[in-house]
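Chains R and F are the protein sequences, given in the same order.
Under my numbering, the residue at position 81 of the first sequence is numbered 81, and the numbers go up by one with no gaps.
Converting from the second sequence to my numbering requires adding 1000 to each position, the first position being numbered 1.
Just to be clear, a hint being listed does not mean it is correct.
To be verified - If you want the footprint, here are the derived chain F segments under chain R, 3+ residues with CB under 8 Å:
#	region
1	1014 to 1022
2	1093 to 1101
3	1123 to 1133
Rather than coming from a laboratory, the hints here were simulated on the basis of the structure.
Note that this is a predicted model, so its numbers are computed, not measured.
Ideal Cβ positions, reconstructed from N, Cα and C, are used throughout, including at glycine.
One letter stands for each residue in the lines below.
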Amino acid sequence: MILDLHTHSIKSDDGRARVETYCGWIRKRELQIEGFVLTEHRQFDDESDYRPLEHEFGLRILKGSEVETDYGHVLVFGVNDRMRAAFDFADIDLPLGLVLEEAKRCGGVAVPCHPGRPRVGMCAHFAERGAVDGVRVIETRNGGSRNGEDAAALALAEKFGYRGIGGSDAHLVSQIGRCATRFEGAIRNEDDLVRAIRSGKFEAIRWT
Amino acid sequence: MRFEDIEIGDELPAEQPDVRVERVREFAKTAGMLTGRFVDHQKAREQGLPGAILPGIMSQALLAAVIHRWAPGCAIQQIDTVFRAPILVDSHPTTRGVVTSTDAGAQTVDVDLTIENEAGETRVIGTAVVRLD
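Use the sequences and the hints to build the structure in full.
This is the structure we're talking about:
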């Protein structure tokens, strides 16, 4: 199953895409992704119910979040009440170690994203302050990456033995599906997604 | 351009707008924004910028112009931009647009808009709702 693991909707302050329009675009453009994960900035959207859209368009629509740490931005999957109580999603300077540890303890998984990006990526912070224990997976394919950023992420993954996921980091409808992650089996819900990421059996994909 | 002629995925013709300092000065003067950061590279650098930058409303105006050239006579009902990074004066940006949805009842289309720099980096994103008869 192929999922875009990094997307933003109008729920994010800088997102300009409606989820329904994402779905229509995916089908109209015959994109290869079979679903996507909404990773809104500094929050978890527990209000929206996208099940009707899942049924209408035959797509999997899951929810995660993109939080901000002292080592850059981090995607968290498998968000639940325990995790939301464990750290403040709105905090823009969360300790990376805390997010990694608490996400795992609460049954989820944390994945540093666009690590090659200046300021908001992990690579530069590693270079300046050293590595942080607990990282297993990073985003090695990001649809918003500029020249050299994905290469830096891949080099980091190779150096430390990290697995790599892909996500478009879409903020506009037309940006979805530029990168994604191919899993071996079906992903039915957030728990399946966490298990699949923890298994390490996936591959990051870039189409454009 | 008529509404019936438009499909999701249609791309608006890309443009390379003129953002030379003379043109930006003209715009800034008209808009009452004639300050150093927009029209003087040295003064902009003194403010910590990499050079003079386009006023945000000029970026938005360039994107609106792309829409009007694509569909003369259309009405832009809404336009919204997010400035992710500055567009430098005297650079060579590219403006793009693509139709992402259509509403036959309202005779409107949604358009994604971007401005890229020479390296292909997306610096400004936006959306517009455009009515066509």
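Outcome of the hint check:
| no. | hint | verdict |
| --- | --- | --- |
| 1 | 1014 to 1022 | violated (count 0) |
| 2 | 1093 to 1101 | holds (count 3) |
| 3 | 1123 to 1133 | holds (count 3) |
Hint 1 alone, counting from the list given before, is not met by this structure.
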